[in-house]
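Below, each chain spelled out in residue letters.
There are 4 protein chains.
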Amino acid sequence: MLRFECDYGEGAAPAVLEFLQKTNFDQTPGYGEDEYCAKAAAQIKRLCDAPDADVHFFVGATQANLTVIAAALKPWQGVLCADSGHIHVHETGSIEATGHKCLALPGKNGKITARQIRKAVEEHRANASHEHEVQPGMVYISNPTEVGTLYNKEELTDISAACYELGLYLFVDGARMAYGLTSPANDLSLQDYAALCDVFYLGGTKCGALFGEAVVITNDDLKPDFRYCLKQHGGMLAKGRLLGEQFLALLDGEDGSGSSLYFTMAKKADKQALRIRAAFEAKGCKVLHDSPTNQQFFVLPDEWYEKLAETYAMTHMGKPDKHHTAVRVCTSWATKDEAVEQLIADVNGL
Amino acid sequence: MLRFECDYGEGAAPAVLEFLQKTNFDQTPGYGEDEYCAKAAAQIKRLCDAPDADVHFFVGATQANLTVIAAALKPWQGVLCADSGHIHVHETGSIEATGHKCLALPGKNGKITARQIRKAVEEHRANASHEHEVQPGMVYISNPTEVGTLYNKEELTDISAACYELGLYLFVDGARMAYGLTSPANDLSLQDYAALCDVFYLGGTKCGALFGEAVVITNDDLKPDFRYCLKQHGGMLAKGRLLGEQFLALLDGEDGSGSSLYFTMAKKADKQALRIRAAFEAKGCKVLHDSPTNQQFFVLPDEWYEKLAETYAMTHMGKPDKHHTAVRVCTSWATKDEAVEQLIADVNGL
Amino acid sequence: MLRFECDYGEGAAPAVLEFLQKTNFDQTPGYGEDEYCAKAAAQIKRLCDAPDADVHFFVGATQANLTVIAAALKPWQGVLCADSGHIHVHETGSIEATGHKCLALPGKNGKITARQIRKAVEEHRANASHEHEVQPGMVYISNPTEVGTLYNKEELTDISAACYELGLYLFVDGARMAYGLTSPANDLSLQDYAALCDVFYLGGTKCGALFGEAVVITNDDLKPDFRYCLKQHGGMLAKGRLLGEQFLALLDGEDGSGSSLYFTMAKKADKQALRIRAAFEAKGCKVLHDSPTNQQFFVLPDEWYEKLAETYAMTHMGKPDKHHTAVRVCTSWATKDEAVEQLIADVNGL
Amino acid sequence: MLRFECDYGEGAAPAVLEFLQKTNFDQTPGYGEDEYCAKAAAQIKRLCDAPDADVHFFVGATQANLTVIAAALKPWQGVLCADSGHIHVHETGSIEATGHKCLALPGKNGKITARQIRKAVEEHRANASHEHEVQPGMVYISNPTEVGTLYNKEELTDISAACYELGLYLFVDGARMAYGLTSPANDLSLQDYAALCDVFYLGGTKCGALFGEAVVITNDDLKPDFRYCLKQHGGMLAKGRLLGEQFLALLDGEDGSGSSLYFTMAKKADKQALRIRAAFEAKGCKVLHDSPTNQQFFVLPDEWYEKLAETYAMTHMGKPDKHHTAVRVCTSWATKDEAVEQLIADVNGL
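Protein chains in written order, with the working numbering: chain A, 1 to 350; chain B, 1 to 350; chain C, 1 to 350; chain D, 1 to 350.
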């Protein structure tokens with residue numbers, strides 16, 4: 001079985017494991033107060049051109065999302081998000097478990113707009129009984145989104161401006177940040193994220209690390225005492241160095257191209273995904289979302305689906321009609337070219 | 001600087017890293033639903049002689065504590081614990097953040113008794129206004145305790161009986177389980193824990209893994225839907241296999257003695273700790289707690305403390321009087337014999 | 001200004017105040033453990049033909065909603081409700097503040113169906129990654145709904161059957177229970193509610209009391225320790241007797257018709273509302289919802305709205321188009337016939 | 001049976017009921033946005049000499065405590081209080097249910113000191129692992145305390161100064177404020193409370209109202225959006241006017257002495273309590289706490305207790321030894337002089 005069902009099916013980029021191996025018997029302080037975390041944070045701040053940012057490392061994305069949101073919001077505030085937002089539909093109510101409501105807006109291809117945000121906030125404020133409603137306090141978006149699509153610079157700038165004017169925090173879930181940054185459709189840089197967001201993260205788990213998300217806080221209001229919140233929610237890893245070490249391996253280590261692994265691996269995965277997409281489209285398959293990143297969503301005739309499913313693990317995304325099946329096909333930093341070639345050949349042969 | 005300040009200063013037992021390396025490109029389902037987790041769970045159930053238990057893997061102990069307690073208690077219930085209990089004093093209010101109160105009882109050497117538990121519950125129930133108080137719903141103890149001491153089989157049996165009669169869950173935090181099981185003072189087995197507790201865990205983070213705690217649930221009432229709670233609190237690791245793999249490396253891999261690494265490494269660390277203790281005691285230093293495990297607590301004249309602190313990292317535990325300093329000295333699976341020899345020689349030479 | 005904007009604009013039915021006056025210097029135990037509460041509970045159980053039910057009195061509906069839901073749900077469960085449900089849109093995230101998500105279903109005229117409930121639960125259970133979603137644990141409906149419409153006996157029976165089969169609790173918010181029970185369109189009795197719901201309440205605040213909601217728990221699983229939860233959320237009134245006394249005044253006191261005040265007052269208000277509706281409809285005004293109870297929703301030409309607004313307070317419900325205004329007009333136990341006559345005359349004269 | 005067991009056994013001062021009666025058919029906006037609440041708030045601000053304060057009315061004290069504390073604290077903060085503090089031992093974990101830990105300090109006669117507060121905060125801040133502990137964010141004291149004792153002006157000033165210097169909020173629970181203000185031992189005025197506290201309240205429930213607590217916020221940081229929090233926790237009474245009306249009746253209405261009812265009633269109750277105390281002391285009974293207010297705590301030989309208990313309801317406070325019983329005896333605004341005379345006569349006759 002060749003697995004294309006997700007981007008967290010393998011371990012880590014070999015350079016990551018090598019780094020862990022090499023430093024295994026170093027003795028360091030715990031809880032992220034070691035040199036590796038300090039160096040990784042410094043490197044991330046350089047890449048973001050954000051010398052004053054705070055960087056915190058988390059083991060996973062749900063943990064990062066719930067901790068950031070709980071730390072930022074006042075008790076009566078909620079977080080605006082797309083109705084397909086990961087925090088709203090795929091984290092078992094983790095945000096509500098911290099006391100806050102997800103204020104879902106109808107998304108298009110996983111995205112919401114500055115206009116929707118303004119409307120929601122303005123309607124709330126204009127409502128005579130607004131004290132009986134949850135107050136919007138933050139906007140959460142994912143980029144790439146849960147369905148692989150991308151906000152471009154204009155869209156993110158508009159959302160950022162709306163948040164700034166309205167006094168809301170802007171938080172970008174970057175669990176697949178690398179696949180976004182290296183997509184041919186992308187026009188955003190890490191510096192843009194740092195300039196436009198109050199807090200965002202660079203995902204490691206899906207982008208070459210065993211695990212790990214690097215949260216970057218640029219808004220001074222969100223910085224104080226954040227580590228208390230990290231500890232309170234169980235997110236402070238005893239051997240925090242493991243997180244710093246992995247991000248160093250990904251962001252410091254250059255491959256032949258002169259770029260760091262984090263980017264070169266993601267760029268390759270995006271290319272693989274787009275080749276797969278081209279193959280499906282050439283066969284007349286509809287794409288569910290116009291994704292320029294490593295996640296692709298196709299609608300297949302059932303016979304084709306059943307045939308492919310014999311060899312390839314894909315995520316079943318429901319049946320749009322009686323005779324068709326929707327699937328997600330993911331590539332990742334670990335996807336082998338041979339697997340992609342084989343899949344494409346098999347699609348061509350359908 | 002030789003570090004004796006904690007038992008999470010290094011990476012992992014080499015066999016753990018080797019296992020991760022060896023399986024790195026295996027493709028597995030995510031979220032702990034892979035073969036490695038299944039095998040590790042099976043091995044733990046064998047060791048516990050608890051075929052019907054559920055085993056869940058967590059990245060860290062705070063996460064495990066808060067998830068187990070939040071899953072088990074009703075909203076109006078609290079958890080009885082020692083006033084030195086980790087959940088009460090060292091986890092930033094993580095239990096309260098899930099809505100539950102820690103009902104602290106005065107501990108002796110980090111331990112509480114069945115008698116104290118009975119008294120607390122009976123007084124609550126006898127109180128005419130008990131509905132105005134938090135209802136005790138669970139007992140939490142750590143074994144070894146936070147100060148290295150051990151509950152013996154009689155004590156744990158008494159506590160278990162009290163909990164059973166009173167209708168409370170018994171939860172044992174086993175972050176340092178290995179160091180307890182292999183202590184010369186220990187008379188408890190994993191089977192005993194499985195028989196006496198409703199839920200407990202075998203710590204990995206401090207006992208040879210990069211990270212990881214294996215929670216064992218024996219009470220059927222606590223089993224259903226536990227994974228929802230795991231996910232909700234951000235404890236469901238995307239690449240859950242990493243946890244299964246590490247516990248397999250620790251619990252399956254035998255060293256020359258025919259025992260698995262988890263136990264042989266801890267046994268050695270306990271011996272090292274007791275040798276260090278003997279050296280300090282021979283010099284007339286008081287121990288703060290009569291610990292038979294890998295954590296030792298000494299009271300030193302300030303000059304001795306300052307001299308040792310030049311070469312050795314120890315945890316500063318306050319000043320019991322003007323001229324003395326209390327310290328914690330830890331060994332671990334990673335502690336080198338040479339470091340122990342050198343420390344003992346330096347203590348002898350004080 | 002004649003106020004038709006809500007049904008909580010006045011104090012209480014005179015009989016309620018008289019009862020408070022008459023018993024003012026009685027000395028009773030606190031916290032609802034007095035004779036008046038016992039008698040009121042007994043009367044409610046008689047009316048519901050539910051001798052084994054537990055009855056608890058709350059000051060207000062938000063308090064009742066959040067306490068019942070928090071007491072009933074497991075931490076990873078949420079509550080299914082209409083997207084217009086009071087708990088979802090008009091209680092400042094009170095349910096989320098207790099850690100639970102409102103799982104909103106698209107309502108029609110404020111109502112959801114058994115079919116929608118089944119579909120939501122079945123889809124959740126069929127989803128391979130259901131542990132990443134909030135588990136439905138309860139259904140919350142309001143009857144009358146927030147827009148005055150009514151579930152009939154067949155609909156409530158279907159919803160009850162779905163909940164029973166699926167293992168969900170059914171909770172009916174009866175803040176306006178009296179206006180529902182006495183509506184000409186109603187075919188439900190209090191006995192039906194007791195037979196079909198796990199927990200529901202008879203609203204007092206909007207139905208003749210100064211304040212108060214009587215929660216009736218029929219499901220044995222929800223009974224134990226409920227008062228702890230009541231206290232924890234601040235819902236246990238020190239002088240709980242005030243609640244018992246008010247419900248006694250409303251439910252014991254008969255008017256000339258041989259029925260208790262609670263019902264005779266609501267019946268009159270419903271009639272007034274329907275007369276007002278007929279007047280608006282006779283003028284060609286659209287109703288927003290086909291309400292047979294004390295809340296009516298009309299769409300008026302702006303000139304008509306402005307003219308009426310000089311004399312009558314109505315709730316502004318937005319502008320469906322450029323030239324029309326939507327309003328809510330409420331009657332209540334306190335609405336005077338002369339006020340209704342005057343309004344009708346003014347509508348006729350538009 | 002003559003009841004001296006608590007100060008919430010009767011209804012309300014007749015003037016309160018008269019006010020409700022008189023205004024019963026007034027039509028007002030809901031949720032505390034009416035003229036009565038506005039007038040009552042203005043009167044309270046006048047009495048406190050705090051024109052810029054915000055005043056919010058709550059139905060009960062547990063509700064007020066949990067809402068104020070949840071609104072003020074950051075998620076990782078806890079509230080310092082006496083180990084006898086009502087929020088810590090008598091509100092079913094209501095503070096923890098909002099996510100915050102009560103950081104209990106050992107009290108003396110129900111009181112804590114500025115010195116204890118400073119020590120707790122300084123130790124926390126000096127602790128290298130303070131991020132693993134709950135951060136103190138507020139000080140909660142009750143005045144009068146739960147055992148009837150009083151903080152004097154010097155003590156409250158010291159605590160206020162400590163809080164100010166340390167950056168903590170000071171919150172005073174004034175459920176029995178009137179009995180404190182009118183005690184012969186008191187040297188604090190409402191103006192002092194307003195000047196020294198960030199937030200405090202004047203209790204109505206135990207001081208002549210049917211129910212109600214008036215929270216006064218003087219610190220600007222705590223003012224914004226407080227009503228959202230009030231609603232979220234179910235504390236926003238639909239007919240909020242009832243609260244304003246009651247406080248107006250208590251604080252505006254003068255009795256013969258030229259002072260308002262709130263004070264004249266409490267003053268009388270304090271006097272009654274001190275006469276009762278003198279009678280018990282004359283018989284050689286020990287007082288448990290040196291209380292100058294309406295709650296008195298005595299230790300009686302069991303025979304005396306049993307004899308008195310035939311006629312008088314007192315709160316049983318445990319048995320200090322085999323032959324003695326501790327009791328609480330309360331007077332209140334409703335206590336009749338004849339009942340006091342009879343009790344004193346019976347004590348004299350023991």
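Rather than coming from a laboratory, the hints here were simulated on the basis of the structure.
Heads up, some of the hints might be wrong.
[Said to hold, decoys possible] Dumping the calculated BS3-like pairs for lysine-lysine here, alpha-carbon to alpha-carbon at most 30 Å:
| no. | chain 1 | residue 1 | chain 2 | residue 2 |
| --- | --- | --- | --- | --- |
| 1 | A | Lys108 | C | Lys336 |
| 2 | B | Lys336 | B | Lys319 |
| 3 | D | Lys336 | C | Lys22 |
| 4 | D | Lys267 | B | Lys286 |
| 5 | B | Lys319 | D | Lys108 |
| 6 | C | Lys319 | A | Lys108 |
| 7 | A | Lys119 | C | Lys319 |
| 8 | B | Lys319 | D | Lys119 |
| 9 | C | Lys22 | D | Lys267 |
| 10 | B | Lys108 | D | Lys322 |
| 11 | A | Lys119 | D | Lys74 |
| 12 | D | Lys319 | B | Lys119 |
| 13 | C | Lys22 | B | Lys74 |
| 14 | A | Lys22 | B | Lys39 |
| 15 | C | Lys22 | A | Lys322 |
| 16 | A | Lys267 | B | Lys22 |
| 17 | C | Lys119 | B | Lys74 |
| 18 | B | Lys74 | C | Lys45 |
| 19 | D | Lys336 | C | Lys271 |
| 20 | D | Lys267 | A | Lys74 |
| 21 | D | Lys223 | B | Lys74 |
| 22 | C | Lys271 | B | Lys223 |
| 23 | A | Lys271 | A | Lys223 |
| 24 | A | Lys336 | B | Lys153 |
| 25 | B | Lys307 | B | Lys322 |
[Claimed, not checked] Facing chain B, according to a computed beta carbon distance under 10 Å, are these residues of chain D, among others:
| no. | residue |
| --- | --- |
| 26 | Thr62 |
| 27 | Pro75 |
| 28 | Gly78 |
| 29 | Glu91 |
| 30 | Thr92 |
| 31 | His100 |
| 32 | Leu105 |
| 33 | Asn186 |
| 34 | Asp187 |
[What the hints assert, rightly or not] Sample of chain C residues with no beta-carbon within 10 Å of chain A, all distances over it, derived:
| no. | residue |
| --- | --- |
| 35 | Pro51 |
| 36 | Gly99 |
| 37 | Asn186 |
| 38 | Arg277 |
A quick note: this is a predicted structure, and the numbers were derived from the prediction, not measured.
Using N, Cα and C, we set each Cβ at its ideal position, and we do this for glycine too.
Next pair to validate is Lys336/B with Lys319/B; report whether the Cα-Cα distance is within 30 Å.
Holds, at about 29 Å.
Regarding the pair Lys22/C and Lys74/B, is the alpha-carbon distance no greater than 30 Å?
With a Cα-Cα distance of about 41 Å, the restraint between Lys22/C and Lys74/B is violated, given a limit of 30 Å.
Would the least Cβ to Cβ distance between Arg277/C and chain A come out above 10 Å?
24 Å, holds
Given Pro75/D as an interface hint, is the shortest Cβ-Cβ distance to chain B below 10 Å?
Check passed: Cβ of Pro75/D comes within 7 Å of chain B, closer than 10 Å.
Least C-beta distance between Asn186/C and chain A, which was stated to exceed 10 Å:
Holds, because the least Cβ-Cβ distance between Asn186/C and chain A comes to about 28 Å, which exceeds 10 Å.
Given the hinted pair Lys319/C and Lys108/A, is their Cα-Cα distance within 30 Å?
Holds. Lys319/C to Lys108/A sits at ~26 Å (cutoff 30 Å).
Double-check Asp187/D for me: the hint is only fine if its C-beta lies closer than 10 Å to a C-beta in chain B.
Constraint on Asp187/D not satisfied, violated at 32 Å.
Verify the proposed pairing of Lys271/A with Lys223/A, using a straight-line Cα cut of 30 Å.
Given pair Lys271/A, Lys223/A is violated - Cα atoms ~37 Å apart, limit 30 Å.
Go through the hint on Thr92/D and say holds or violated, using the shortest Cβ distance to chain B against 10 Å.
6 Å, holds
Taken at face value, is the distance from the CA of Lys74/D to the CA of Lys119/A at most 30 Å?
Holds. Lys119/A to Lys74/D sits at ~29 Å (cutoff 30 Å).
Proposed proximity, Lys108/D with Lys319/B (alpha carbon, max 30 Å):
26 Å, holds
Distance restraint between Lys119/A and Lys319/C, which requires alpha-carbon spacing of 30 Å or less
Holds: Lys119/A and Lys319/C sit about 15 Å apart, inside 30 Å.
Consistency with the previously given hints fails for numbers 1, 4, 13, 15, 19, 20, 21, 22, 23, 24, 32, 33, 34 and 36, ordered from lowest to highest.
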